Each structure stands twice: as structure tokens, then as C-alpha cells.
Amino acid sequence: MRGLLLILMLCSGSAHAADVLHLYNWNNYISEETIARFEAQCACRVVQDYYSDNEEMLAKLAAGATGYDLIVPTGNAMESLIRQNALRPLDKGLLPNLKNIDQAYLNTAFDPGNSYSVPYAYTLTLIGYNREKMRELDLPVDSWAVIFEPRHLEKLKGRVTVLDSQRELLAAALKYLGYSANDTDEAHWKQARDLIIRAKPYWAAFNASSYIKELTVGNIWLVHGYSNDIFQADLDAQKAGRKFRIVASIPKEGAVLALDSMVLHKSGPRPDLAHRFIDFMLDGRNSAELTNLIGSGNPNRDALQYIKPEVAHNPAVFPGRKQQARLEMLRDLDRHQRRVMSRIWTEIKLR
-19 MRGLLLILML
-9 CSGSAHAADV
1 LHLYNWNNYI
11 SEETIARFEA
21 QCACRVVQDY
31 YSDNEEMLAK
41 LAAGATGYDL
51 IVPTGNAMES
61 LIRQNALRPL
71 DKGLLPNLKN
81 IDQAYLNTAF
91 DPGNSYSVPY
101 AYTLTLIGYN
111 REKMRELDLP
121 VDSWAVIFEP
131 RHLEKLKGRV
141 TVLDSQRELL
151 AAALKYLGYS
161 ANDTDEAHWK
171 QARDLIIRAK
181 PYWAAFNASS
191 YIKELTVGNI
201 WLVHGYSNDI
211 FQADLDAQKA
221 GRKFRIVASI
231 PKEGAVLALD
241 SMVLHKSGPR
251 PDLAHRFIDF
261 MLDGRNSAEL
271 TNLIGSGNPN
281 RDALQYIKPE
291 VAHNPAVFPG
301 RKQQARLEML
311 RDLDRHQRRV
321 MSRIWTEIKL
331 R
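Under my numbering, the sequence shown has 74 at position 94, and the numbering climbs by one with no breaks.
To be clear, the hints were calculated from the coordinates, so they are not data collected in a lab.
Derived lysine-lysine pairs resembling PhoX-like cross-links, with alpha carbons at most 25 Å apart:
1) K180 - K113
2) K329 - K135
3) K193 - K329
4) K170 - K329
5) K232 - K170
6) K137 - K232
7) K223 - K113
8) K193 - K113
9) K40 - K246
10) K135 - K113
11) K329 - K137
Derived Cβ-Cβ restraints for the label pairs, each shown as a range:
12) P92 - I15: 30 to 36 Å
13) L74 - R131: 51 to 57 Å
14) A(-2) - D71: 18 to 24 Å
15) E166 - K329: 14 to 20 Å
16) R131 - P295: 23 to 29 Å
17) G93 - K246: 16 to 22 Å
18) D71 - G138: 49 to 55 Å
If you're wondering where the values come from, they're calculated on a predicted model, not measured in any experiment.
All residues carry an ideal CB built from backbone N, CA and C; glycine is no exception.
Put together the whole structure using the sequences plus the hints.
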């Protein structure tokens, strides 16, 4: 009897230890309060790892990282994971709140029928800037020219950062040159490379993580960055009592919209917890909390009623129809195109 009791206790302890959801997510892409509330609801623990761009996430998985129950890739990265047969199909019977997602964000080219993915949030890759400094310098903030043209950058030398992401930076350069962000003409890629190399001496850094802090403290005045990061930088600056505001602008040439979705990786041991987390985040109040706290765009119709008016009317969070027409989602590249882009990226970094 005592032996049986011991076995039951060990089994119980083992099961409890296994009640862990492993989440691989972007930096600054969910609040601690949301995580704590889910942990209380599911009587489990959430362990997070973070990445700063899709290339980093894909490279880590390609190198053999396993054990992630849930990942939040952007569409083009998700497309790659689906093609690699790395994802577990969803059981939509476990997702009653899926009905809350706006139909406009379902059935995308990345995952027709949403067999693998549930929209989480979206961000724009645009220009973020210190409003007071840019006014003082009388510089334009409605064009990628301020990121790429030396005539503007001369006034900003050492005060500019761009994302350390080959797809995102080349997309911005392509848009400025008048091409699609998804242009795959190698001659156009080389034009974009040359544009970047010309501007590079004026930039302080390629930065995909700490630029929020640099904007907040006033060290950096202009960034090529994500809309939710720029939103966060402005909140942090206000909390710190800074005498400037951080503002986002969608360039007139166009920009990238990234729809991030929740997917189940095949190596994850707890798809049950992953489904519970997805449905939890599909609840309007939980989804709205993400937008209110970090300024991410929201594809959840039920969330709109809970979003703060000042956030709902921010065009960098919820762009209007005219602005939406200038936005593109990045598509995945084939193996040859990835090799060419990696070579171009190496050339940029070495110059």
C-alpha cells in the first residue's frame, strides 16, 4: 500500500512538473499580467524564449532547437515552417473563440483555411522619431528618404538605427526605390543594397531590440522599426517625464505589414496547453490588453470594444484605408533567393 501511494505521489509530481507551456515569442509581445492570468486559469507555468526577427527564430529551429509548444511567426516565416512540415495542425474544436477573428485576417496566402495558424496581432514596419528633434532639424518624416538619403542623414549622423533584419531593411529600401517589398529581381536587390551601403555610415547601428530604450532616453532620434516598439518607446518616455514625444509615421512610398500568428510546433510536448493559450488570447479582453499595453494592431473583432480610444485612433496601430493600400505583407523566399539575399546582406554588413 505504501509502495502504491509512493508511485501515485511520484506520478502526481511528474504530471505537475510537466504542466509547462513553452512559448517562443517576439520581444515585448505580451504582458506579464496576461501571462500571470493564464497561469492562474490553467494551473500551469509559461516559460518564454524570445527572438527579435523571423530570421533568428528560423535559424534557431533549423539548428535543432526543440520543445516549443507555441511560436508566433510572421506570415512569410510561417509559410516556411509549413513547407518544412514543422507545424502541428490545429484542432479547431478546442478554439471556440476563433469566431472573434475578423474574416479579413483569415484564409491568407500563407495558410489557406487556417489549418495551422490563428492570427495574434499585426505590426507595421515604419519610421519612428523624436518629434521635437525632427521639428528642430526641419526634416521630413513622411518618406523613407530620411532613412536613406545623405542630404537628410547629415543632420542625424549617429542618431539613427535600422532593424537588424535583412528582409525588413531591404523591403524598406525597395519601397523607397519604387519597387514592391516582395520584388525578387536581383538587379533591384543590388540597387537596394547600394542605397543601404550609401546610408550606412550615417547610422549608429543595426538594432532590433534595444532601440526602444535608445529612443526613450533620447540617444536616438530616428529609427526604422516596428510600430508596437515605437508605441512602447513613447509610453516609456512619458512615464519618465521626458520633454519629447516618440511618434510613428507610415512612409508615403509604403511599408510592410506583418501579421503574426500563433502556431503549434511539432516538437512541443503540450499541444493541449497550447490550444488553451490560443483560445485564451482569442478572448476579446485578453486580446485588447495586448493592444492597449504594447500598441499592436488587432485582428480580433471582440477586442475592439475594450481598446482605449487614443490607441484605436492611432494610425500607426490601426491604419486607415488609404494607408492600408500602401502596405504589403512579405512572402517567403525560395532557397536560391534566400542564398542571394544572405550574400547581399553579408556585403552590406562588411562594408
